[in-house]
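Engineer: Given chain A, put chain H in place with the hints provided.
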Amino acid sequence: MADENIPAEELLEGADAAHAAAESSGGLPQLDFSTFPNQIFWLLVTLVVIYLILSRVALPRIGAILAERAGTITNDLAAAEELKQRATEAEAAYDKALADARAEANRIVAETKAGIQAELDDELKKADAEIAARTAESEKAIAAIRDSATESVAEVATETAKALIEALGGTADDASVKKAVSARVEGGSA
Amino acid sequence: MATETNAEGGSALTFHPMDQFIVKPLFGDGAVHWYTPTNVTLWLAISVLCVILLLVMGTRQRQVVPSRSQSIAELAYGFIYEMVEDVTGKDGVKYFPYIMTIFMFIVFANFVGLIPMAFTTTSHIAVTAVLAMGVFLAVTVIGFVKNGAGFLSLFWISSAPLALRPVLALIEVISYFVRPISHSIRLAGNMMAGHAVIKVFAAFAAVLAISPFSILAITAMYALEVLVSFIQAYVFTILTCVYLKDALHPHH
Numbered sequence: 000m001a002d003e004n005i006p007a008e009e010l011l012e013g014a015d016a017a018h019a020a021a022e023s024s025g026g027l028p029q030l031d032f033s034t035f036p037n038q039i040f041w042l043l044v045t046l047v048v049i050y051l052i053l054s055r056v057a058l059p060r061i062g063a064i065l066a067e068r069a070g071t072i073t074n075d076l077a078a079a080e081e082l083k084q085r086a087t088e089a090e091a092a093y094d095k096a097l098a099d100a101r102a103e104a105n106r107i108v109a110e111t112k113a114g115i116q117a118e119l120d121d122e123l124k125k126a127d128a129e130i131a132a133r134t135a136e137s138e139k140a141i142a143a144i145r146d147s148a149t150e151s152v153a154e155v156a157t158e159t160a161k162a163l164i165e166a167l168g169g170t171a172d173d174a175s176v177k178k179a180v181s182a183r184v185e186g187g188s189a
Numbered sequence: 000m001a002t003e004t005n006a007e008g009g010s011a012l013t014f015h016p017m018d019q020f021i022v023k024p025l026f027g028d029g030a031v032h033w034y035t036p037t038n039v040t041l042w043l044a045i046s047v048l049c050v051i052l053l054l055v056m057g058t059r060q061r062q063v064v065p066s067r068s069q070s071i072a073e074l075a076y077g078f079i080y081e082m083v084e085d086v087t088g089k090d091g092v093k094y095f096p097y098i099m100t101i102f103m104f105i106v107f108a109n110f111v112g113l114i115p116m117a118f119t120t121t122s123h124i125a126v127t128a129v130l131a132m133g134v135f136l137a138v139t140v141i142g143f144v145k146n147g148a149g150f151l152s153l154f155w156i157s158s159a160p161l162a163l164r165p166v167l168a169l170i171e172v173i174s175y176f177v178r179p180i181s182h183s184i185r186l187a188g189n190m191m192a193g194h195a196v197i198k199v200f201a202a203f204a205a206v207l208a209i210s211p212f213s214i215l216a217i218t219a220m221y222a223l224e225v226l227v228s229f230i231q232a233y234v235f236t237i238l239t240c241v242y243l244k245d246a247l248h249p250h251h
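First to last, the protein sequences are chains A and H.
Residues in the first sequence are numbered from 0 upward in steps of one, following numbering that gives the first Met the number 0.
Residues in the second sequence are numbered from 0 upward in steps of one, following numbering that gives the first Met the number 0.
Chain A with its partners taken away, still in its complex shape (with noise of 0.2 Å):
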């Protein structure tokens, strides 16, 4: 303690002597009490001048800037949520729609087939019966045609039988030779 007095009282001496000379280089010009008057008002006008400063522009104007910021930044991460949400949402319908759109192509697809499928047996069995109708009728021509035939050889052959009788010089009796005729056709045709 006793140590740490002397540089005290050096200083006190330095003070006085900055007191005694302010302008020469002696002592400490932080004890030079005179002055302190004079710091201590400037520094109390500086402080209040400062504070008010601060509390009635600048800290209230900064904390505005940082709270809309802080809300601009909430603000466009909930914006940017939404617009997320909604892209989800449009995938979600495009695919929806994707599906849909296969459906209906596919069961569009299946009726068309089956459509022309009927239209297609339609047709056939159309065909067929027409076919068939033809046949029939083609069958009746030839059977007619056959029997006319038939006939006519018939006719030819007793037209003939008579012919050659009665240039052999003999009397042709109708019935007789038709009846020889047949007798022979329908022998030659069994």
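Think of the hints as simulated: they come from the structure by calculation, not from any bench.
As the structure is a prediction and not an experimental result, all values here were calculated from the model.
Keep in mind that a hint or two might mislead.
Unchecked claim - Simulated restraints, written as ranges between beta carbons of each label pair:
#, chain 1, residue 1, chain 2, residue 2, range
1, H, A159, A, A77, 45 to 55 Å
2, A, E88, H, E81, 38 to 48 Å
3, H, E84, A, P36, 34 to 44 Å
4, A, P36, H, A192, 19 to 29 Å
5, A, Q84, H, V225, 43 to 53 Å
6, A, Q84, H, M56, 40 to 50 Å
What the hints assert, rightly or not - Examples of chain A residues toward chain H, derived with CB under 7 Å:
#, residue
7, F35
8, W41
9, V48
10, L53
11, L58
12, I61
Even glycine gets a Cβ: it sits at the ideal position worked out from N, Cα and C.
Structural biologist: What follows is chain H alone, placed relative to chain A:
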């Protein structure tokens, strides 16, 4: 000190490392009365101007995406606001403008004091003692107003063994009253010492043989002083917050 070195140094070496701290009237050579505009007034005014430039002019455009000066102002605001909130808790936030005033004043007084030929107001014990006594008195008043006699429990450490408590109480009381002294001398001492050392090196720069070393040393000291300027402002402010926390929540 200066006179001694003067005598040893001779004509080439002139040491006046403390002359930079002399308080002089701005106009004329008269006596320094309490109202006289002095170099103290000038450099305090420059500090105020810097505060206005940064915190008022810098934020004038109120941009959501800040300009450089605005983001420095916001950084300072956030730095001190978070310090107050972290150290003192939610109920200390209403003292934020006062603590911001202290921080902005000290940090700018320290920084403008680093300008060559400047006068460093915070190197004067008169200035720092007023700040520290202001904090001390405010904290003591707030402590008693908020907690009544309960504020005295700050000195009565209930977690210690009963036999030790009176001794600890004595130590706590002494340390409580030493607070403004250490609080003010820490700042003034740091600022004064750094500036004085720079001046000493500057005087050596006049000697040709060692001037390169001297200039290097000045540069290094200057860099250190820039750091010290900010750190001392920070330390003063955070200690203010700690004392305020003691006043608001005296129970350990």
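Engineer: None of the hints should be skipped; say for each whether it holds.
Structural biologist: Status of each hint after checking the structure:
1. H:A159 / A:A77: 45 to 55 Å: Roughly 53 Å apart at Cβ, these two residues keep to the hinted range, so it holds.
2. A:E88 / H:E81: 38 to 48 Å: 40 Å, holds
3. H:E84 / A:P36: 34 to 44 Å: Taking Cβ atoms as reference, E84 (chain H) and P36 (chain A) lie about 37 Å apart, which means the hint holds.
4. A:P36 / H:A192: 19 to 29 Å: 25 Å, holds
5. A:Q84 / H:V225: 43 to 53 Å: 51 Å, holds
6. A:Q84 / H:M56: 40 to 50 Å: Given a distance of about 43 Å, which is inside 40 to 50 Å, the answer is holds.
7. F35: 5 Å, holds
8. W41: This hint holds: W41 (chain A) lies near chain H, its Cβ roughly 5 Å from the closest one there, short of 7 Å.
9. V48: 5 Å, holds
10. L53: 6 Å, holds
11. L58: 6 Å, holds
12. I61: 5 Å, holds
The structure is consistent with each of the numbered hints, conforming to all of them.
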